[in-house]
Amino acid sequence: MTVTVDVAALRIAERIASTIDPVFAMIDEWRARLEASLAAMPAPSAAAFDPVVAGLVGEPLERAGSLITGAGFVAAPGYLADAPWHLEWWLSGANTFGAGAGLRRLEAVSDPDAEQFRDYTGLEWWRVPARTGSRHLTGPYVDYLCTDDYTVTITVPVEVDGAMVGLVGTDLYVASLERELLPVLRESGHPCTLVNASGRIVTSTDARRATGALLRLDGLADALAPLREREGDADAPAAASASTRLPDGAIVVPCGDTSLALVFEG
Numbered sequence: 001m002t003v004t005v006d007v008a009a010l011r012i013a014e015r016i017a018s019t020i021d022p023v024f025a026m027i028d029e030w031r032a033r034l035e036a037s038l039a040a041m042p043a044p045s046a047a048a049f050d051p052v053v054a055g056l057v058g059e060p061l062e063r064a065g066s067l068i069t070g071a072g073f074v075a076a077p078g079y080l081a082d083a084p085w086h087l088e089w090w091l092s093g094a095n096t097f098g099a100g101a102g103l104r105r106l107e108a109v110s111d112p113d114a115e116q117f118r119d120y121t122g123l124e125w126w127r128v129p130a131r132t133g134s135r136h137l138t139g140p141y142v143d144y145l146c147t148d149d150y151t152v153t154i155t156v157p158v159e160v161d162g163a164m165v166g167l168v169g170t171d172l173y174v175a176s177l178e179r180e181l182l183p184v185l186r187e188s189g190h191p192c193t194l195v196n197a198s199g200r201i202v203t204s205t206d207a208r209r210a211t212g213a214l215l216r217l218d219g220l221a222d223a224l225a226p227l228r229e230r231e232g233d234a235d236a237p238a239a240a241s242a243s244t245r246l247p248d249g250a251i252v253v254p255c256g257d258t259s260l261a262l263v264f265e266g
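Residue numbers (this note's numbering): 1 to 266.
Simulated from the structure, these hints should not be mistaken for lab results.
In this text, all values refer to a predicted model and were calculated from it rather than measured experimentally.
Watch out, some of these pointers could steer you wrong.
Label pairs and their computed distance ranges (CB to CB) [stated by the list, open to error]:
| hint | residue 1 | residue 2 | range |
| --- | --- | --- | --- |
| 1 | E180 | T121 | 30 to 38 Å |
| 2 | G93 | A40 | 39 to 47 Å |
| 3 | L246 | A43 | 30 to 38 Å |
| 4 | T132 | A32 | 13 to 21 Å |
| 5 | A225 | G122 | 22 to 30 Å |
| 6 | E187 | T132 | 29 to 37 Å |
| 7 | G55 | A225 | 34 to 42 Å |
Note that beta-carbon positions come from the ideal geometry of N, C-alpha and C, so glycine has one too.
Modelling step: build the complete structure from the supplied sequences, incorporating the hints.
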């Protein structure tokens, strides 16, 4: 693979990062503000805390050109005195899930005895950050809880006094990401595929590579290992510019701090 191709791959990875990194930075800011707000509450409750969450996520959700389609806070079971199971999750006007239009709150079933109740602590976007204490990117997957479409969910633990009290995060439609990123991927004239840390396809210039499927290339799992380590340890160094060549000649380049990687085939 030539130096020209290597440089092209690095530039595309940087452009992908520049599109998604602001979403990560926004979530980190939300976490800091929510942690400060909760720490100041002598007895945290949904009644007092929900307006804080709504005030943070409402404007970004409705901002013109926003990539995010849902955002909010999910409480650890039993943390909020007046809401043992609680999702303060908001949907943008671009979110087609359920009835209604414009900015609206997700109507989630919070009674564990109800037939439609779903224990969210068993879902990947909760389970992994709860185990690692670090930010996690889940998907692409079909999100039947909040979007009913192929989605990427980014979540990060919210902590008070060293204990996780919930998660803050956001949903992004894969279709929205494709609209932003496919033109960038196609500029090189080479087959390009964007994958998550587990090798699951987010989008690809190769129509045969379906969103959500695993990309099976020799050596890819090893090349993505640093991204998985990064997700499992918030203090691990990012490998923003490191690249790896696979046995078939493809180059794998991490996309900044996004937990995504570009697979560039010459």
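Is the hinted range of 30 to 38 Å satisfied by the C-beta distance from E180 to T121? 32 Å Cβ-Cβ, so the 30 to 38 Å window holds.
Given the range 29 to 37 Å, decide if the beta-carbon distance of E187 to T132 lies inside it. Because 35 Å falls inside the window, the suggested range holds.
Taking 34 to 42 Å as the hint, is the beta-carbon distance of G55 and A225 inside that range? holds (39 Å)
Please test the hint of 39 to 47 Å on the beta carbon pair from G93 and A40. This hint is violated: roughly 32 Å between Cβ atoms.
Can the suggested window of 30 to 38 Å be confirmed for the beta-carbon pair L246 and A43? Given range 30 to 38 Å: violated, Cβ gap about 54 Å.
A range of 13 to 21 Å was offered for this pair. Does it hold for the Cβ distance of T132 and A32? Once the Cβ atoms are compared, 19 Å apart, the range 13 to 21 Å for A32 and T132 holds.
22 to 30 Å was suggested as the range; check whether the CB atoms of A225 and G122 agree with it. At roughly 26 Å between Cβ atoms, G122 and A225 fall inside 22 to 30 Å, so the hint holds.
The structure does not agree with the numbered hints 2 and 3 stated previously, though it agrees with the rest.
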